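Spelled out, the chains give:
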Amino acid sequence: MLYWLVLIPIVIAIINIMYFDRDSRRIILAVQLGMGVYATDLFRRVANGGTLIDHLGGYDRAIAITLYGDRIAIVLVWLTTLLFFGLLLYAYNKTYFTSEFGFLYLSLQSLIIGLFLSTDLFNIYVLIEVSTVIIALLIMLRKDKQAIYDGMIFLFVSVIGSGFWLLGTGFLYKTFGTLDIYALEDAMARVNDPRTMIIPFAFILTTISLKIALFPLSSWLPIAYGTPSAPSVIPAILSGVYETTGLYLFIRLTMMFRPAIDLSPLFLVIGFATSILGFVFAVAQEDLRVLLAYSTISQVGLIVVGLALGTEESYWGSIFHMFAHSLFKTVLFLAVGTINSHYQSRMMRDIKGGLKELPVTGWAIIFGLLGITGAPLFNGSISKYMISYGSDSPYVQVLLNVINFGTILYSIKFASILSGPTTLSEAKQKAGLKKDWAQWVTFAFGILTLLTGLLGNQVIEILYGYSFDISLTSYLEKAGIYVLLAVAAWAIYKGWIKEAHVVSRIRGIELTFNAMITALVGFFIALAAYMAVII
Amino acid sequence: MDFLTGEIVGILLFFIGLFGLMTKKTIVKTIMSMSIMESGIFLFYITINYTEGSVPPIGQTSEAAFADPVPSALMITAIVIGIGVTAIGLTMFMHYKQKHGITHWSRNRNQQGSGH
Chain S
5 MLYWLVLIPI
15 VIAIINIMYF
25 DRDSRRIILA
35 VQLGMGVYAT
45 DLFRRVANGG
55 TLIDHLGGYD
65 RAIAITLYGD
75 RIAIVLVWLT
85 TLLFFGLLLY
95 AYNKTYFTSE
105 FGFLYLSLQS
115 LIIGLFLSTD
125 LFNIYVLIEV
135 STVIIALLIM
145 LRKDKQAIYD
155 GMIFLFVSVI
165 GSGFWLLGTG
175 FLYKTFGTLD
185 IYALEDAMAR
195 VNDPRTMIIP
205 FAFILTTISL
215 KIALFPLSSW
225 LPIAYGTPSA
235 PSVIPAILSG
245 VYETTGLYLF
255 IRLTMMFRPA
265 IDLSPLFLVI
275 GFATSILGFV
285 FAVAQEDLRV
295 LLAYSTISQV
305 GLIVVGLALG
315 TEESYWGSIF
325 HMFAHSLFKT
335 VLFLAVGTIN
345 SHYQSRMMRD
355 IKGGLKELPV
365 TGWAIIFGLL
375 GITGAPLFNG
385 SISKYMISYG
395 SDSPYVQVLL
405 NVINFGTILY
415 SIKFASILSG
425 PTTLSEAKQK
435 AGLKKDWAQW
445 VTFAFGILTL
455 LTGLLGNQVI
465 EILYGYSFDI
475 SLTSYLEKAG
485 IYVLLAVAAW
495 AIYKGWIKEA
505 HVVSRIRGIE
515 LTFNAMITAL
525 VGFFIALAAY
535 MAVII
Chain Y
-2 MDFLTGEIVG
8 ILLFFIGLFG
18 LMTKKTIVKT
28 IMSMSIMESG
38 IFLFYITINY
48 TEGSVPPIGQ
58 TSEAAFADPV
68 PSALMITAIV
78 IGIGVTAIGL
88 TMFMHYKQKH
98 GITHWSRNRN
108 QQGSGH
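For the protein sequence lines, the chains are S and Y, in the order given.
Counting the first sequence from 1 gives a position; the numbering used here is that position plus 4.
Position 89 (the second sequence) corresponds to 86 in the numbering used here; numbering is contiguous.
These are computed hints drawn from the structure, not numbers from a lab.
Note that the coordinates shown come from a computational prediction; the quantities given were computed from them, not determined experimentally.
Careful: at least some of the hints might be erroneous.
[As the list claims (entries may be wrong)] No more than 20 Å apart at the CA atoms, straight line, and that leaves these computed lysine to any residue pairs for SDA-like: (1) 360/S with 348/S; (2) 178/S with 45/Y; (3) 178/S with 63/Y; (4) 147/S with 101/Y; (5) 26/Y with 291/S; (6) 502/S with 348/S; (7) 147/S with 97/Y; (8) 98/S with 441/S; (9) 178/S with 1/Y; (10) 22/Y with 522/S; (11) 94/Y with 516/S; (12) 178/S with 46/Y; (13) 149/S with 91/Y; (14) 178/S with 72/Y; (15) 482/S with 380/S; (16) 149/S with 101/Y; (17) 22/Y with 525/S; (18) 147/S with 85/Y.
So here's chain Y without its partners, still in its complex pose (with noise of 0.2 Å):
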């Protein structure tokens, strides 16, 4: 099973999700699908150049090598940002579906979305 990496269970995560996004026309499952989509990027990303061993890079002395910690650093900030816009994106469906009871992309953006 040595080929069920961090980096390629991500990319699978990142293409499952964007499945979800082309096929499934309800707005909260497209929501669901950006989170799975940006967890593989997450994952792949704290994966890359992991060397069996490796050590963090603060406060060891060991011989060991150093874990490259710029990724975890970025996903940091990118998991910030991924919670930010779904939240938004969550606040902005739920007043469209309490205030027009819509919960479904619509066929022609003139009909203004569909409640089936």
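Okay, chain S solo, but in the shape it has when bound (with noise of 0.2 Å):
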């Protein structure tokens, strides 16, 4: 039954490019609709009757690959599908919804939905590589010369991160004889001595941190995210969908090898420099693009932490986090999108007035904003609640509400295009996208990111079973400190960011590309070195 949902637009991709030289876009946008049906049913399935396995070939569970749809896998199934309508709907009629384009969107989400429910560590292997390999041409489409050398770098280093997870995987069939991560996580609970499993590990690892880009692996993604000439879809794409697969991997990963070796301690540390300097960066950016690249990787470092201080309800907060950051970066990277179709830029010192001038995105954006940085009622309060009452310690706390100012700060930043008098000229303002009905689509996510924040007890006990009662008074104590620390970062944010130096020179920051490989490789070091000398 999974299998369905890998195969049906890897198909439809191949009739759309075989058959139709003009005009699929009603016949993909009919598969998406399909294909949302029947995520929701095998949802259903999931809820009333318990995680869906295929042993694809009939095989038995060690040979066989298998499609593995537990809770939490089909929650990211279902929500793809939505993503995918979604996007599709606000790209309907933009010029490069080619069928060129058709193929390469339907065969990606088939390729994504094959990471979510595949649990054969070669077959893994294979999807990251071809998703790849489509995202670079995606972000290539227009071919112009900042598009390629950016698809270069993100195809290389990918390709070259990937090389490591298959090498840490040849390591752990010749110690097993077996692909299959559940199988794995079995066998790892019998291994006598963990020592040996700190090389494929390792491997592994570093594999997942580069994808889903944990500090120092974080280079490559403001490049992939912040290509000016990539259709917005492509982010909303990579933020919404493909970083959550990584995470996934990253969840499923961890917990395969936690009965060898368990890196817990380490990944909080990870994932605090990660969501730290990710806002570092995000502030310091003058494009909009870049500045939500940067937001993505302090979010995944916020969503890395939930998992590694290993409570209950920080692991369902990290969970319904990727969920609602899925919703509220669609919201942002779709706005960016009509905002650069609209004023033909980018650049912050180029925009302003937007609320005024585009009523529906501007307010779709506030939702987003308001979502991200945790406001009362949002889908972001909510997640970022559960993460931090899953733990005691007063160092963590103080942590994640930094991180939580710092969101702040860059979301003033952003919100900062939506006041101030109109830059844009009469003629435009006559010719305006008012009437540019996709932004109901950026508008529609933003309604839900209201509404998972609104009934996000009822919306988490739907999706993951899990139920978890919020205290009132705790939930309104919260409130209290995100108008405080809000009013904080819009007194910094005044006085000093704005006009602050330092700010400039930490936007000129990057790393060669030989440099992101040097990073990849000290990583890896430093992770075999680490579990070393733990165990």
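Both chains are given apart, each in its own frame, so use the hints to dock them into the complex.
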């Protein structure tokens, strides 16, 4: 059953490229709708009857490639179909939506769903590799100089990263003779000497850390997301869905190795470092899309922190934050796309009066920013509340507040495009995009950000079957802290950040291609050395 | 020379390729280093779990142990993907060089590569 989710998009993609020279948009849209309905049905089945498992070819679990649809995976698959459908609606009238684009888009959807469901390490390698190629092609869609350069960096860095995965998988196969994640997890408990797992774990974890862009492996992400000529649905897919595949793999792989090696304390530190550096760089940016790219790094750091804290509440908080992050990041990336086509710029200094010019997009941005900062009533507030609930340590609480402060800081910077007198000429205002209905897609995702916050408890219960009671007094306390942080962030933004020279200096920091690979190797060696010391 | 097994040579090749990726600024050398790195992985796979005197698992009735066919089967797929990626990388590079005359990774992305 699960294999249809992977098979249908790829088959339609091939039919689309073979038979339709011009317009296949309606077929692709209909397929998305069908996929959404099917994924909803599968979700219902998983929620009622438990995990769905497909052993392809009918072979034994340890031999066959297995598709494994547990509650978390199926929710992510459902979210993927929802986002792909929404993004397609947004892109419907755009010039780049040709049958070639449709082919790449559907193939990517199939690969991403495969990544959520597959439990075979080699199969996952293939899916990662092919999705990397497709994303590189999507980044280079308009074939200009910068896009090709960015596409090459993304392609090469990712391919080299997945080489680590393949070698690590080889070590595991040599030891256990199986490639299935869950079979390996069982076998891991019987490992006599955990030191034998250091090398494969370090190899595989290096790839995942690169894929989710943990510090110091995050340099590729702003390059891939920030390519000026790539259509705005591309970074929206990358941030909303593709990043989530990496996080989901991170969860499953760390769980797989946990019986032998537990690296939670290390990832707590790396998570905080990633998150803090992410917001520092985000605050320094002028380009809206690059700001959002660094914001993604920061939020990923926060999710990793929640996972590394190791308590039940923080774990589910992180899972829900993945869900919430997909929604509000999609809103913001799409909104930047609309603003870009209206103002012909993504630089903050060129854009003012956004709310007056584009009220629908403007309000969507406000919803998205309130979501990402964890404002009361929005989905981010629930997930962040759960993550912080999972720890008693005062240090963790302080650092979580620092991260939230940083998030509010760059959100205030982002929001500065909404106010002020408009920077558009009168002619452009008249020819404006006020009737562009694609904006309503962005707005709808914005409303979802609010709704999944307002009904947070119920949504978590329905999606994951996990019930969590939020105490009103401590929620109000968090809301109070949020207001205080927001006031402090506003004061600091107005008083210092706006004019500070150090900000533009931070903006200029960038790793070269060779430095990125050196960081990758350094990370691998440090990881292996750390494990050798603690075991 | 017993220590010079396919596995060891494979791992060495992997790191030699990585060394090239860390140090070479020419884009075409990056692609070559990537291929070397991948070859290392292929060699590693096809020699893991090899036992002396084992026979292929198809069409044999011998008493000898069968060789594990899975790693070789996996590597056929990996080689195909490797070729695909190399081809795409080279196409991108050629397009980039012919159109903009750039052959090296640049110091700063905003300068978009350099032609020295």
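Numbered hints the structure breaks, given as an ascending list: 5 and 6
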